[in-house]
Each structure stands twice: as structure tokens, then as C-alpha cells.
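Trainee: So you can see what is in the structure, the chains are spelled out below.
There are 2 protein chains.
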Amino acid sequence: MKKLINDVDDVLAESLDGFAAAHADIVTLGAERKFVRRRTLKAGKVVLISGGGSGHEPLHAGMVGHGMLDAACPGQVFTSPTPDQMLAAAESVDGGAGTLFIVKNYSGDMMNFQMAAEMLTSDNATVIVNDDVAVENSTYTTGRRGVAGTLIVEKIVGAAAERGDALAALKTLGDSINKATASMGVALTSCTVPAAGKPTFQIGADEMEMGVGIHGEPGRRRVKLGSADDIAGELVGSILKDLAMKRGQETILFVNGFGGTPQLELYVMVTAALKVLEGAGVKVARFLTGSYVTSLEMAGCSVSVTAVDPALLALWDAPVHTAVLRWGV
Amino acid sequence: MKKLINDVDDVLAESLDGFAAAHADIVTLGAERKFVRRRTLKAGKVVLISGGGSGHEPLHAGMVGHGMLDAACPGQVFTSPTPDQMLAAAESVDGGAGTLFIVKNYSGDMMNFQMAAEMLTSDNATVIVNDDVAVENSTYTTGRRGVAGTLIVEKIVGAAAERGDALAALKTLGDSINKATASMGVALTSCTVPAAGKPTFQIGADEMEMGVGIHGEPGRRRVKLGSADDIAGELVGSILKDLAMKRGQETILFVNGFGGTPQLELYVMVTAALKVLEGAGVKVARFLTGSYVTSLEMAGCSVSVTAVDPALLALWDAPVHTAVLRWGV
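Chain order of the listed sequences is A and B. With the first letter of the first sequence counted as 1, position 6 gets the number 6 in our numbering; the numbers rise by one all the way through. With the first letter of the second sequence counted as 1, position 209 gets the number 209 in our numbering; the numbers rise by one all the way through.
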């Protein structure tokens, strides 16, 4: 295993310390490193809390800040955070207007966030993200998985929370964005969980895992490595089928790197995805390209598409200031 | 070779097309894809032009925009752009106040930018960046190499150009930032140039290349993989020795991923680098962490440190709006 780490047991703590130091202007680290929260809270605002296993950085801690999340709870690598972490985060950022949990659909996360929601005495609701169209049910999931589209849900709902929307409205908005978002990914290599010390899966030198999950879990099938155009054809084709959009529909296109794929290739995928979308008469109104929802150092990418109207676009464009997304402030 | 590409010969063109489409609000692509330039030019401003081989994305095209570069010329992967590209870029963005070229110290880049500078009939000057303290002379270089510190030079000089500084002052400023900046990197794996189709170098499963260049060229020595703390000790130690800073000196700390290293590890390196800097009494006033100056999918990182005073910090903090750096606008 080749990683820039010290002791395997200290990776998460040392990474969180570095993150908190580097972004001390916008975040603080909770006691016992249970959560990352916004430095400056806004009274009377519904708070947004997300979290999940680590190894997907910059998701979720990189989305904490003005106009997005109020707190994020990092579990160990590819392991759900505990209800205790979520409760500590909720109590720390409570603004008196309720708490919205944004949860990727994985069994561990679902169970722990549900326990936290039940233990929390103040108003709360949960948006479950399940944007991955690759497979129904999976290694760690009942139903569809929640993947890179989670970032889009967090951005848009975060903007609505920042302007003062109420809890029920935010829950409805989050559910509707999840429904308007579809994603699918492909892996060219495995990743290695530090504590495991060896690759999560084996894959041939000429193979790819089509429909892979963000923990390296199996997708639809193992096939020969295809061209960027072929891959975009299947990823975007599956997304278009799921969203059943009309011609002329405006969208956000998010080409996400899994951690080991350089930008040079991600932008080739942007070109390839655009061709498929334009062929279907779908318009891309906004782009996001980069490694935002990763699987450690896995090579590969996912494509996410969200169907938007002018109101959703305005929320996407609204000011945001987190470690990785920043505009308008 | 496992890459998200179509034909090897089309990688750069398709990547540039995707980049230009995704960032059409801030950049346009020159004819024959010779350069990427700012969409909105500012008359009477000294223009900043950089460039170099592709494969280091987001450098340099990702630094084009308000408060940074006016144009960037992308060569083929790890190959200098041509004087023809640089002249076309200079003519396209000319604001009547002169041109400053910012060039990483590699023999090919140096020769081609010098030819362009000689052919350009309007006022121009060149800042040569040679921040890499690892080795004196190298595979593609006479003298020290120019690496990740180039981004810091481009940001600070870009801010000064935006406020209206004259060509001579910008040249002096650029030279002084280069002198105040030192970098060093380490590679855990090789990268594969698409046209070559095989790894640039071979490295053992338990080895690292200490002092590696950003094309995978050899550094100081090949040694057993060390801990993050040990690596930071050597990288930052070499930087501190080069810069000979006094206790209490304020700095910018830039932990840069080479393309294949996840953020989880980069922030472990932030923590490790901070320990060394704090031990030397050096203060970190600003942080930048991410894969900004890459070597395709190489695993590893570099650390750059720039000694700053309040005036330089103000230029670092000044508004910038490029594909990857954005604040204040």
C-alpha cells in the first residue's frame, strides 16, 4: 500500500486536523473530531447536516460553509459515522429552526442517521439521496445508491436554507432535486482502504467496472475498457433514460473524478458527455468538473445530470463559500 | 494504459474543448486551439501569458481569468508549446501596456518562450520560475526546475497586473516572488504519457522518488517509502534551508497533489508540514491544498512555501476568478 500517511489508525484524525487548519476561516472541528462545522452560524436558520464514511473527500466536510452544509460528520474510511456524532453536530449548530439531514442511501448511514433523528428532540427531517442509476440494490445498499448527485442536493438545498426557507419546504426541495438528479460511474482501477492495506477489488489491465459504486463495489458488469465516447454513451444514456427529460430541458452537468483520474481526462469526458446530451436535445446550463466525490485513489469518473428550472438555477448560482465551492462571496 | 480517452492523438483537443465549454463564462479558446484566453479583456493592462506542456492540469489554463493569467498556451503532453502559439496568444490579448511571460524553467519552454519574446514587436518581459529545490540541473532542465510555485507567482503577479502595475514593476515583483518561493515533491507511482502508452518510470512497490520533477523525472534519490512525517520533514526541511527564513516569518503553504493522490492524504501532509514549519517558528498565513500542478495521474505531492509580507498577502487575497481559483468576485 502506497499512501502519504503515518500510522493507519491516525489517517482520519490527521487529515481532519489538516483540513481544519487549512480552512480555519470557514470551519471548526468539533470535540473529539466528531464533526466539522461552520465557524459562523446564522440564528433562525434551518441547519443542514450530512456525513458518511471518509474516503470521499472533499465530500462532505468540503461542502461545509456559507450557503451549503452547517456540519458534516466523518466516519472512518468507507464506514458510517455514528449517531453520537450526528447528535453532537446537531446540538452544536442548532439555530432553533430545525435540522435537515442529507443522507446518501447506504444501509449503515441510513440506520445511524435514523437513530440520530429519533434521538434528536427538536424538529428534523431527512432527505435521502439515491441518484445512482447503475443498479437497484448493491453490496451496501437496499435500493439505489447515493453518489455524486449528493453534492448538487447539498448546494441547492443549502442555498434555500441560507435564504431562510422552512424545514418542510427544504425537505420537499431536497426530495425533488434528488428525483431530478441521476448519476452513473465507471472505475478503471480499484482503491485501497488504508486499514485493509490491499485493493478492494481486482481488475484486469484491460477491464473497467461499469456502474461502479463509490466504495469500489460492483456495478452492472465488468467489461473491456472502452473509449471515452463509448463510456459517455452508456453513462449519459442511462441517465437520460432515468430522467426522461424533454428536448430543450436545462441541466447541470457534473463530471466527477473518483480520485485517481487527472483533469485532462475529466475534460475529455465533458466533451464526450456533451455530445450525448446535445444529441438528445438537452441543454447544459451549468458545469461542474473535478474530483469532488471520490473513492480514495480510484481511477474513473461519474457523470451526474440534474434537470433544473430557473428557480433551481438561481439557487445553484447563489453565493457559496466552502473549502472547495466558492462563488458570489 | 487505462485512461478515459478516445484516440491518443485527440486527447488534448478534446480536453481543451471540454474545458472551454465548461468555463465559457470566463475563457475562450483561440483559433486552432493555440491558446486559452480570458473572455473579457481589460484595456491598458499588462497582459500575463504562461503555458507549458499539458498533463499538469489545471495549470495553466485553469489559472486564466480575472486577477491571474490573460492567456495560457498548452503544448502536447509534457511538451513545450510553440513560439507560434505564444505569439498568437500575445496578439490576441494585447492591451497596449506590454506582455509579461511567466515561464517554468525547462529547456524547451525557455527556448520557445525566448523565441516568441524576440519576435514580439511590443514591450515584453519574462519571469522565469525555478522554485524546485530538489536538484540543480535535471533531465529537461539547466538549473532548478519550475514547479508548483508557478501558481503562486501567477496569482500574486496577476493581482498586481489587475490593479494596473506597469510591466517593469511586474517583472520585478515576479522575480521577487520566485526568489521567496521554494518547492519540493515526492512520487509514489509513475505517470503514463498517453502517446507513450507505458509508465514513464518503474518504481518498486515499497519505494518513492524523493525530489521528483513534475514529468516524473528523477529527483534526489530512490528510497523506501517513508511516513508522512518523514516525507514532510525532508520536503519542508529542504525548503526552509533554501529560503533561510527568520522565526516569525509569515508564509503561504501550498500542498499540491500530483494527480493520483486523494485529498484525504493531502490533508495528512498539511498536518505533517505544519508541524515542521511550526517547529521552525514559521507562521502559515494562507493555505492552498489540492491537485493544481499535476503530473497526469502520478501519486505523490509537492510542498511549496512562499515567504510573504502584508503587501504580498494582500495581492494573494485580491479577487480572482479562474476555473479553479475563485474568491472576492
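Accuracy of the hints is not assured; some may be wrong.
Repeated chains share a single entry, so a pair holds when one copy, or any two copies, can fit it.
[What the hints assert, rightly or not] As a list, the in silico DSSO-like pairs of lysine-lysine whose alpha-carbon atoms are at most 27 angstroms apart: (1) K42 to K2; (2) K198 to K224; (3) K198 to K2; (4) K45 to K2; (5) K42 to K246; (6) K283 to K179; (7) K246 to K45; (8) K2 to K275.
No lab work stands behind these hints: they were computed from the structure.
Trainee: Hint by hint, say whether it matches the structure.
Mentor: Cross-check of the supplied hints:
{"no.": "1", "hint": "K42 to K2", "result": "neither (42 angstroms within a copy, 47 angstroms between copies)"}
{"no.": "2", "hint": "K198 to K224", "result": "both (23 angstroms within a copy, 18 angstroms between copies)"}
{"no.": "3", "hint": "K198 to K2", "result": "both (10 angstroms within a copy, 20 angstroms between copies)"}
{"no.": "4", "hint": "K45 to K2", "result": "neither (44 angstroms within a copy, 47 angstroms between copies)"}
{"no.": "5", "hint": "K42 to K246", "result": "neither (39 angstroms within a copy, 41 angstroms between copies)"}
{"no.": "6", "hint": "K283 to K179", "result": "within (18 angstroms within a copy, 47 angstroms between copies)"}
{"no.": "7", "hint": "K246 to K45", "result": "neither (36 angstroms within a copy, 46 angstroms between copies)"}
{"no.": "8", "hint": "K2 to K275", "result": "between (37 angstroms within a copy, 22 angstroms between copies)"}
Checked against the numbered hints listed earlier, the structure breaks hints 1, 4, 5, 7; every other hint is satisfied.
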